[in-house]
Amino acid sequence: MIRLEGIQKHFGANHVLKDINLTVASGEKLVVIGPSGSGKSTLIRCMNLLETPSAGKVIVDGVDLTAPKAPIEKVRESVAMVFQQFNLYPHKTVLENLTLAPILIKKVPKAEAEKSGLAFLEKVGLKDKANSYPSQLSGGQQQRVAIARALNMKPQVMLFDEPTSALDPEMIQEVLDVMVDLAKDGITMVVVTHEMGFARQVADRVIFMDEGRILEEGNPDHFFVNPENNRTKLFLSKIIRAH
Amino acid sequence: MSGPFAGFKWLALIRDWSVFAEGFAYTIAVSLLALLLALILGVLFGVLGTSQWKLGRNINRIYVEFMQNTPLVIQIFFLYHGLPHLGIVLPVFSVGVLGVGIYHGAYMSEAVRAGIQAIHRGQLEAAYSQGFKYQDAMRHIILPQAKRMALPPLTNQVVSLIKNTSVLAMVAGGELMYQADSWASTSLYYGPAYIVTGLLYLIICLPLALYASRLERRMEVRA
Numbered sequence: 001m002i003r004l005e006g007i008q009k010h011f012g013a014n015h016v017l018k019d020i021n022l023t024v025a026s027g028e029k030l031v032v033i034g035p036s037g038s039g040k041s042t043l044i045r046c047m048n049l050l051e052t053p054s055a056g057k058v059i060v061d062g063v064d065l066t067a068p069k070a071p072i073e074k075v076r077e078s079v080a081m082v083f084q085q086f087n088l089y090p091h092k093t094v095l096e097n098l099t100l101a102p103i104l105i106k107k108v109p110k111a112e113a114e115k116s117g118l119a120f121l122e123k124v125g126l127k128d129k130a131n132s133y134p135s136q137l138s139g140g141q142q143q144r145v146a147i148a149r150a151l152n153m154k155p156q157v158m159l160f161d162e163p164t165s166a167l168d169p170e171m172i173q174e175v176l177d178v179m180v181d182l183a184k185d186g187i188t189m190v191v192v193t194h195e196m197g198f199a200r201q202v203a204d205r206v207i208f209m210d211e212g213r214i215l216e217e218g219n220p221d222h223f224f225v226n227p228e229n230n231r232t233k234l235f236l237s238k239i240i241r242a243h
Numbered sequence: 244m245s246g247p248f249a250g251f252k253w254l255a256l257i258r259d260w261s262v263f264a265e266g267f268a269y270t271i272a273v274s275l276l277a278l279l280l281a282l283i284l285g286v287l288f289g290v291l292g293t294s295q296w297k298l299g300r301n302i303n304r305i306y307v308e309f310m311q312n313t314p315l316v317i318q319i320f321f322l323y324h325g326l327p328h329l330g331i332v333l334p335v336f337s338v339g340v341l342g343v344g345i346y347h348g349a350y351m352s353e354a355v356r357a358g359i360q361a362i363h364r365g366q367l368e369a370a371y372s373q374g375f376k377y378q379d380a381m382r383h384i385i386l387p388q389a390k391r392m393a394l395p396p397l398t399n400q401v402v403s404l405i406k407n408t409s410v411l412a413m414v415a416g417g418e419l420m421y422q423a424d425s426w427a428s429t430s431l432y433y434g435p436a437y438i439v440t441g442l443l444y445l446i447i448c449l450p451l452a453l454y455a456s457r458l459e460r461r462m463e464v465r466a
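Residue numbers (the numbering used here), protein chains in the order written: chain A, 1 to 243; chain B, 244 to 466.
These are computed hints drawn from the structure, not numbers from a lab. Quantities reported herein were computed from a predicted structural model and do not represent experimental measurements. Just so you know, even glycine gets a beta-carbon here, dropped at the ideal spot from N, CA and C. There may be inaccurate statements among the hints.
Each computed EDC-like pair below joins lysine to aspartate or glutamate, with the alpha-carbon atoms no more than 16 Å apart [said to hold, decoys possible]:
| no. | chain 1 | residue 1 | chain 2 | residue 2 |
| --- | --- | --- | --- | --- |
| 1 | A | 106 | B | 379 |
| 2 | A | 57 | A | 112 |
| 3 | B | 376 | A | 77 |
Some chain A residues judged to face chain B by a derived CB distance under 8 Å, without partners named [said to hold, decoys possible]:
| no. | residue |
| --- | --- |
| 4 | 48 |
| 5 | 50 |
| 6 | 73 |
| 7 | 77 |
| 8 | 80 |
| 9 | 90 |
| 10 | 91 |
| 11 | 93 |
| 12 | 101 |
| 13 | 120 |
| 14 | 156 |
| 15 | 180 |
| 16 | 236 |
| 17 | 239 |
| 18 | 240 |
Going by beta-carbon spacing under 10 Å, a handful of chain A positions derived as facing chain B [unchecked claim]:
| no. | residue |
| --- | --- |
| 19 | 79 |
| 20 | 83 |
| 21 | 86 |
| 22 | 89 |
| 23 | 100 |
| 24 | 108 |
| 25 | 110 |
| 26 | 123 |
| 27 | 125 |
| 28 | 146 |
| 29 | 153 |
| 30 | 213 |
Produce the complete structure using the sequences and hints provided.
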């Protein structure tokens, strides 16, 4: 589904990603963890080419996005992203946030986009907020709308870039619940998060990143019970104590 | 009774009211067309000034700095006296629309640029992540939000633009200031002529200025 081959990323003198090779299978739930500055956000942002790798290939569904004249916009229609800061469109109502791209980009008829949009709002428990504006919602509600907005593109892959990191503690669970629910469907998910409970519950595979490299990967049982890498152990001991 | 504001001078002005009405209409016509041009240039160059494309940003800077740092009068003189030497003779009405429009387009592009830059980078990223191309993201996501930010400074620019059409009086523009001035220099009734003319500018500009400050206050409340 998504294949990263020999990805390097430099920001000026910073070498943020160092020879990343990673394949995400169709339907897989992959969770990426690691300390801040480890490159995990840059990694997930390479998957839809919000960041252009300095070297290496990003192949989504057989299409090499790093090739010249690659149909990046077309591929992004099926690779939705949920951001840390929600990034809802503040000048549009909740329902318009959900229907704007399907109507303009995918050319879905308006009535159809609204119908499916309302269904997804119901799925995230916010159907009654369809005509509100994002600024009238709490952080947790905004993030649930952002998830519904991503879903209304009917994507094959959902990328989550620290979806709960900007939320007040009491709102984290409502967003995680929606994501757990979503994971039961067949959709491919890549999630950058610090929520270890979520990782254990839904991940098929967890990867641990530090200093631009993937240091360890495995299924969550192995990963949380018997981590091998010393830095993974150190990171997990810190973060689990903190929770 | 005599003096600069003697009653008979006012009566003469009222008798010749059509001179002022003509100038007033001409000023409004030049202003509207120049405003249209300035807005188009403002949006185009404002967007250019925020683009990833370095040449585009440079073009924006050259336009803005050149227009903002030379007097409008010289730009008008160039169009009116200079261009004919290059074989281009423009009617004075077009000189007004082009001169004032291009001049204020530079100021408006700065307001548009500031408005775009005030929009969080995440908005463009969200649009990209949904498959928007740059132009579509600008049109549907960024510019509608930037418009709210840019509206108060743009409205202030409209006020300046209307007042600045009076520069056309220096090239026999036919607008309000010119009509008033030529009427005054024939009749020598300068007092009433300039007072009425000032009031006519005030009638259009003051409501706009008040509107702009109301917009500004509303923005502060929202922020």
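Evaluated hints:
1. 106(A) with 379(B): Distance ~13 Å between residue 106(A) and residue 379(B) Cα, so the pair holds.
2. 57(A) with 112(A): violated (36 Å)
3. 376(B) with 77(A): holds (11 Å)
4. 48: The hint holds - residue 48(A) has a Cβ within 8 Å of chain B, the shortest such distance being about 6 Å.
5. 50: holds (6 Å)
6. 73: Interface hint status for residue 73(A): holds (5 Å vs cutoff 8 Å).
7. 77: holds (4 Å)
8. 80: holds (7 Å)
9. 90: holds (7 Å)
10. 91: Status holds, d = 5 Å.
11. 93: violated (13 Å)
12. 101: Holds, about 4 Å.
13. 120: violated (14 Å)
14. 156: violated (13 Å)
15. 180: violated (22 Å)
16. 236: Residue 236(A) check fails; min Cβ-Cβ to chain B is 30 Å, beyond 8 Å.
17. 239: Cβ of residue 239(A) sits 26 Å from chain B, so the hint is violated.
18. 240: violated (30 Å)
19. 79: holds (8 Å)
20. 83: holds (6 Å)
21. 86: Status holds, d = 8 Å.
22. 89: With a minimum Cβ separation of about 6 Å from chain B (threshold 10 Å), the hint on residue 89(A) holds.
23. 100: holds (7 Å)
24. 108: Result: violated, 12 Å to nearest chain B Cβ.
25. 110: Hint violated; residue 110(A) Cβ to chain B Cβ min 14 Å, cut 10 Å.
26. 123: Violated: closest Cβ of chain B sits about 19 Å from residue 123(A), beyond 10 Å.
27. 125: Hint violated; residue 125(A) Cβ to chain B Cβ min 22 Å, cut 10 Å.
28. 146: Where the cut-off is 10 Å and the nearest Cβ of chain B is about 8 Å from residue 146(A), the hint holds.
29. 153: holds (6 Å)
30. 213: Check failed: Cβ of residue 213(A) comes no nearer than 25 Å to chain B, outside 10 Å.
Hint violations for this structure: numbers 2, 11, 13, 14, 15, 16, 17, 18, 24, 25, 26, 27, 30, all remaining hints satisfied.
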